[in-house]
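**Student:** Protein chains in written order, with the working numbering: chain B, 1 to 489; chain E, 1 to 435.
The hints are simulated quantities; they were obtained by calculation from the structure and are not laboratory data.
No experiment lies behind these values; they were computed from the predicted model shown.
One or more of the hints may lead you astray.
Stated by the list, open to error - Only pairs whose alpha carbons sit at most 20 Å apart, straight line, appear in this in silico SDA-like list of lysine to any residue:
1) 69/B / 199/B
2) 113/E / 128/E
3) 250/E / 199/B
4) 388/B / 319/E
5) 160/E / 172/E
6) 250/E / 387/B
7) 330/E / 69/B
8) 250/E / 478/B
9) 160/E / 49/E
10) 95/E / 115/E
11) 387/B / 195/E
12) 388/B / 23/E
13) 387/B / 24/E
Stated by the list, open to error - Just the calculated beta-carbon pair ranges, DEER-fashion:
14) 472/B / 423/E: 36 to 44 Å
15) 72/B / 423/E: 35 to 43 Å
16) 162/E / 147/B: 41 to 49 Å
17) 250/E / 224/B: 33 to 41 Å
18) 319/E / 370/B: 17 to 25 Å
19) 387/B / 16/E: 53 to 61 Å
20) 57/B / 59/E: 37 to 45 Å
21) 476/B / 22/E: 53 to 61 Å
For every residue, glycine included, the Cβ atom is placed at its ideal position computed from N, Cα and C.
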Amino acid sequence: MTSSMLILIVALIGIFAYFAGRIRAAGSNGRTHSRPGYHGAYVALSALIPALALVLVWSIAAPIYINGKVHAALPSDLKSDPAIEALSFNSVVGISRGLETIPASEVAAARSGTKTWNEVLAAGNVPVAGDLRPEIISAAQSMNAMTESSRSTLAAIAVAVSLVGGFLGYRRVSARFRARNLVERVILVGLVLCSSIAILTTIGIVFSMLSEAVRFFAVVPPHQFFFGTVWDPRFAAAGSGGAGGQFGLIPLLAGTLYIAFVAMLFAVPVGLFSAIYMSEYASPKFRALAKPALEVLAGIPTIVYGFFALTAVGPFLRDLSSSLNHLVTGDASNFIQAQSVITAGIVMGIMLIPFVSSLSDDIITQVPRSLRDGSLGLGATRSETIKKVVLPAALPGIVGALLLTASRAVGETMIVVLAAGVAARLQLNPFEPMTTVTVKIVNQLTGDLEFTSPQTLVAFALGITLFAITLMLNIYALYIVRKYREQYE
Amino acid sequence: MSDAILTASVPAVRRDIGLKRRYAAERRFRLYGLAAITIGLVFLALLLTSVVRKGYTAFVQTEISLPVTFSEALVDPTNKRAEDPQILAKGKYDKVIREALAAQLGFDAKDLKSGKAADQLISPSARVELRDMVLADPSLVGKTIDVSLLAEGNIDSANKGQIDLSVPEARRKVKDQQLTWMQQLKDAGKLKFAFNTGLFVNGASSRPEAAGLGVAAIGSAVMMLIVLALSLPIGVAASIYLEEFAPKNKFTDLIEVNINNLAAVPSIVYGLLGLSVFVNFLGMPRSAAVVGGLVLTLMTLPTIIIATRASLKAVPPSIRSAALGLGASKMQMIFHHVLPLAMPGVLTGAIIGLAHALGETAPLLLIGMVAFVANYPVTPMDPSTALPVQIYMWANEAERAFVERTSGAIMVLLVFLILMNLGAVLLRRRFERRW
Chain B
1 MTSSMLILIV ALIGIFAYFA GRIRAAGSNG RTHSRPGYHG AYVALSALIP
51 ALALVLVWSI AAPIYINGKV HAALPSDLKS DPAIEALSFN SVVGISRGLE
101 TIPASEVAAA RSGTKTWNEV LAAGNVPVAG DLRPEIISAA QSMNAMTESS
151 RSTLAAIAVA VSLVGGFLGY RRVSARFRAR NLVERVILVG LVLCSSIAIL
201 TTIGIVFSML SEAVRFFAVV PPHQFFFGTV WDPRFAAAGS GGAGGQFGLI
251 PLLAGTLYIA FVAMLFAVPV GLFSAIYMSE YASPKFRALA KPALEVLAGI
301 PTIVYGFFAL TAVGPFLRDL SSSLNHLVTG DASNFIQAQS VITAGIVMGI
351 MLIPFVSSLS DDIITQVPRS LRDGSLGLGA TRSETIKKVV LPAALPGIVG
401 ALLLTASRAV GETMIVVLAA GVAARLQLNP FEPMTTVTVK IVNQLTGDLE
451 FTSPQTLVAF ALGITLFAIT LMLNIYALYI VRKYREQYE
Chain E
1 MSDAILTASV PAVRRDIGLK RRYAAERRFR LYGLAAITIG LVFLALLLTS
51 VVRKGYTAFV QTEISLPVTF SEALVDPTNK RAEDPQILAK GKYDKVIREA
101 LAAQLGFDAK DLKSGKAADQ LISPSARVEL RDMVLADPSL VGKTIDVSLL
151 AEGNIDSANK GQIDLSVPEA RRKVKDQQLT WMQQLKDAGK LKFAFNTGLF
201 VNGASSRPEA AGLGVAAIGS AVMMLIVLAL SLPIGVAASI YLEEFAPKNK
251 FTDLIEVNIN NLAAVPSIVY GLLGLSVFVN FLGMPRSAAV VGGLVLTLMT
301 LPTIIIATRA SLKAVPPSIR SAALGLGASK MQMIFHHVLP LAMPGVLTGA
351 IIGLAHALGE TAPLLLIGMV AFVANYPVTP MDPSTALPVQ IYMWANEAER
401 AFVERTSGAI MVLLVFLILM NLGAVLLRRR FERRW
């Protein structure tokens, strides 16, 4: 019996229990404390929860127990070396999986000796490495037998538990029984579990990346990574252990910050002035049209911006520089590369405009009306009011908004993958390509992976660096924005 | 300062407070704001027109219809198809096409040079198409029928006028001879544009004319279903707890900061999480839609939680008090009254979160969805790819015909996003209540 089948049966018992409880509660004379549905739900829950918990625990514990048994049963000469032991265990697992797909007649033929195991397994598309020891086959067979018996035991116990649970729950149904309180307590536990997923995600991010990064730092010392100025990871050659590659973070970090800086240089004035105009000058009609139109920019996927940079902005800037050069010096060579810091920066800046404008718009509108009225009443013009009163009052909030935007610019991936180039260089010319942390994470992790080489693991070290940078920016920004909001509430 | 000195020395009835200068500054300031909005909108327009201008041609495709003769000598030379129908799969369909072209264009089929140039008129995928036709209906052998075949990518581009014909022939992908033939076919009414259904049903292909979005669209749809099925209930449950039950203490504060931070974590970090937890630790298959769906779920959750909390907060306390006053428990008050009233806001948030997830590329690259998938995935565990990833892969191809297809694919993706966002706006307009 497969586990999905088992869960289906238990679920059916649960549905049956629900209606049984409901009918019993409705049928009991007098007024019940809880409505019949709650009684039904109580009976269903008492049938489901113990059984499903058992299935969960069992399906985690049983493979561990079985694997331990198989390990113990392996012949002692295979257990002398941990590497060989792991290898033969893997082949046991592979063969045991294969045996399930091979028809029973074939297995019988192999067992009686009319065919060799190698023939049978090869016919069933099971990869077999070289000569097959009989111990491996028998281990695989005993593994299958154990799995099978574990499955049927689980099925029997789970169905029994769910029936008994349902029956006990059913017995408790009566007019005075407070089913609702119990059911609501279970729902509350479910709600708490759901909201802890947010915490679990953060813990997952930190731990998964830390554990891989620690493996990376075991090969490459941290100071070489954090302070290295050369990025040259080489290819993961088999057997070399990845030695010889240089993993310097500095050129990538410089590229990331440079591109983010160019993007902010473009997005901040445009976004801020749009926000000021929208909140202070625009008529409601204009605002109702222009604000959503500008926010469309935020809804466009970043891959589309990347494609725009690759096929429109980059070639345009390259041709522009070439004709400018031709005008000035007569030499028609281009001084802006199609993939360059400025291309990526401008396109990323376009993407960031709506972030800056809508975040600062919110903050500017939060500045109390009385401040404006006071300034206008003293005879200041509107622009003077904005520059001398509104903006200083909104400044902390705006700084927070800009930090949030900067964190987005640092973590942006698809635009830089397509528009910034892949050469990790440490230089200051914005017309040349540079690369970023995110580009290198993508580069190191696409294609065939081997999870032991530092060439792959370095992506996690880069990832944790990126996470740390954006985390600091976000938390500081959120702190500022929150504090600011409280100030005027 | 200078104004003050000036007004002090000249006894005027009306003090000069620099009104002219200040009004000019006012107008300038206002203009800056207008200019900023214009810049933003101009870039939006540029982006959209650039995509549409490059991509609208992707929806039609050049087809060449030819009378094709499935002669027995080429398709089944040993005449064994009665016993073994699979022998038809080995027929020389490229020769079949070449003979059809030779007959149509009037050159000798034995002439290798013309033959090769003529072969390049028709997509290599046409052979497979003919083979499948014959395999499906072996009685076609020996017959002549009219078949519409896909033109090769470069021929398609030339027919759309996208190839610069002033370039010398040697450096051009389409030769003069082929151009004459194209004209000849066009005059005979054999070469014409047809709607490009392949773009919507085919899978990945190295040939631009045969590449399509079908497989990627299915992958995206499966992932969106997973995201919706997981993130909506979990997100709503989490927000109900945080908004209605959670006591104000350090722990809920931590969750709060956490959720706000998770909403701003770069998406690529979620990809790393998926790779190391789902693929590496839990042993799920790489490039499977289920892993992509889970990663996108985690990414969408904060958006949904933030939107749901806002709309729960907007339900006025009077509703709550009324429900409690009539004897409802807190749980009943929430599930029977508050949540239904907050539902339009919740759904709007969910749709916006889904739209965001639909366009997300970076995390999917890391979990290996950037794969050459030509077949439709059957289960969520099968290798699959997604719309934005397909766009990324096509954007890296050099051929002219792929640029057009990339833009076409972007248009398809944008139409989906616009539809989703319109849905969200309509939902908000139609059902949202202001209290």
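**Student:** For each hint, tell me whether it holds in the structure or not.
**Tutor:** Hint-by-hint comparison with the structure:
Only pairs whose Cα atoms come within 20 Å are accepted, and residue 69/B paired with residue 199/B is rejected, the gap being roughly 36 Å. As the CA atoms of residue 113/E and residue 128/E are separated by approximately 23 Å, the hinted pair breaks the 20 Å bound. A distance of roughly 13 Å separates the Cα atoms of residue 250/E and residue 199/B; the hinted pair therefore holds under the 20 Å criterion. Restraint check for residue 388/B and residue 319/E: the C-alpha separation of about 43 Å exceeds 20 Å, so the hint is violated.
A C-alpha spacing of about 15 Å is found between residue 160/E and residue 172/E, which places the hinted pair at or below 20 Å, so the restraint holds. For the hint linking residue 250/E to residue 387/B, the alpha-carbon distance of about 39 Å lies beyond 20 Å, and the restraint is violated. For the hint pairing residue 330/E with residue 69/B, the CA-to-CA distance comes to about 51 Å; that exceeds 20 Å, so the pair is violated. Distance restraint check for residue 250/E and residue 478/B: the Cα-Cα separation of roughly 17 Å lies within the 20 Å cut-off, and the hinted pair is therefore satisfied.
Annotation: proposed proximity of residue 160/E to residue 49/E holds, straight-line Cα distance about 18 Å (limit 20 Å). This hinted pair checks out: residue 95/E and residue 115/E have alpha carbons roughly 9 Å apart, not beyond 20 Å. This hinted pair does not check out: residue 387/B and residue 195/E have alpha carbons roughly 57 Å apart, beyond 20 Å. With a CA separation close to 16 Å, the supplied pair residue 388/B and residue 23/E stays within the 20 Å bound.
Simply put, residue 387/B and residue 24/E have alpha-carbon atoms about 15 Å apart, close enough for the 20 Å limit, and the pair holds. For residue 472/B and residue 423/E, the hinted distance range of 36 to 44 Å is satisfied, since their beta carbons lie about 37 Å from each other. Between residue 72/B and residue 423/E the CB atoms are about 59 Å apart, so this pair departs from the stated range of 35 to 43 Å. Our hint of 41 to 49 Å for residue 162/E and residue 147/B is violated, since their Cβ atoms are close to 60 Å apart.
Under the hint 33 to 41 Å, the C-beta atoms of residue 250/E and residue 224/B, about 39 Å apart, fit the expected range. For residue 319/E and residue 370/B, the Cβ-Cβ distance of about 32 Å falls outside the hinted range of 17 to 25 Å, so the restraint is violated. Take residue 387/B and residue 16/E: their Cβ atoms lie about 21 Å apart, and the range 53 to 61 Å is violated. Between residue 57/B and residue 59/E the C-beta distance comes to about 55 Å, which lies outside the given range of 37 to 45 Å.
Taking the beta carbon of each, residue 476/B and residue 22/E are about 37 Å apart, not inside 53 to 61 Å as hinted.
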